[in-house]
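Here the protein sequences come in this chain order: A and B.
Going by the working numbering, 14 is the number at position 14 of the first sequence; the sequence numbering is gapless.
Going by the working numbering, 1042 is the number at position 42 of the second sequence; the sequence numbering is gapless.
It is possible that some hints are incorrect.
What the hints assert, rightly or not - Pairs of lysine-lysine, DSS-like flavour, derived with a Cα cap of 25 angstroms:
no.	chain 1	residue 1	chain 2	residue 2
1	B	Lys1039	A	Lys57
2	A	Lys28	B	Lys1039
3	A	Lys28	B	Lys1013
Hints listed in this document are in silico derivations from the structure and should not be mistaken for laboratory results.
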Amino acid sequence: MLNMEHVPGKDVGKITLFALSTCGWCAKTKKFLDKLGVEYSYIYADLLPEADSEELKQELSRWNPQESFPTIVIKDKPVLGYDRDRILETIG
Amino acid sequence: MEEKIAALYTKLKQEAEAGGYHLNPDIDFVEDLLSGITKNQARYGYMACPCRLASGQKGADMDIICPCFYRDEDLQQFNMCYCALYVSNKIVSGEEETHSIPDRRPPAGAPNPPTDVTTRSNSLPFPVYRCQVCGYLCARNHPPEACPICKVSADRFERFL
């Protein structure tokens, strides 16, 4: 199991953010989720131990075959990139 | 801005402007990206794109070393590169705004370079090398140490003809 960081907040359904610690759009996405005050989990793919990187790629490619960052999975629906409108729309 | 980041910013900005490219005018955003690129340089030994997951193998990541092979096509189509470090004139002038764009990189990495170059080159007095970042072509026995247009190193060139 991948070790996700958990951010407490309003429960609007399961939200998982796949991000890179070095990426500007990932930082903006994380900040946006923080501003919304929703509960979510996140993982920085570039900070994982080597042993976990294959598992992360498999999990991420289920939602986004391109395996690009950020990928936000909201209630089993993937949102690709920093797209505030899509994030809000998918949260509902 | 941290000294090391500021020095990198100045260098990249000068190189960009000299070649007709532009850095994103959003300084805070650029500072974060350059901090990411600096971390990647320390981690992997090369300036891997801050918005893509590097493999740690330079050969496999040659296409995503900043500036990446995809920058110019993204500038053409979206007015910015994937991470938005580089932007077009339309962004600089405020006519367009930056946003997150899809990744042009194939999921399996960069496609292999053409294999039939030796048959095509027989009739030429010199081989032709192509910069895979900006498309600059030169007919000489070896690629230049640095691309005169986009300043990337000789290992980013491919044999073209």
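- Query: What are the numbers of the hints that this structure violates, sorted from low to high?
  - Reply: none
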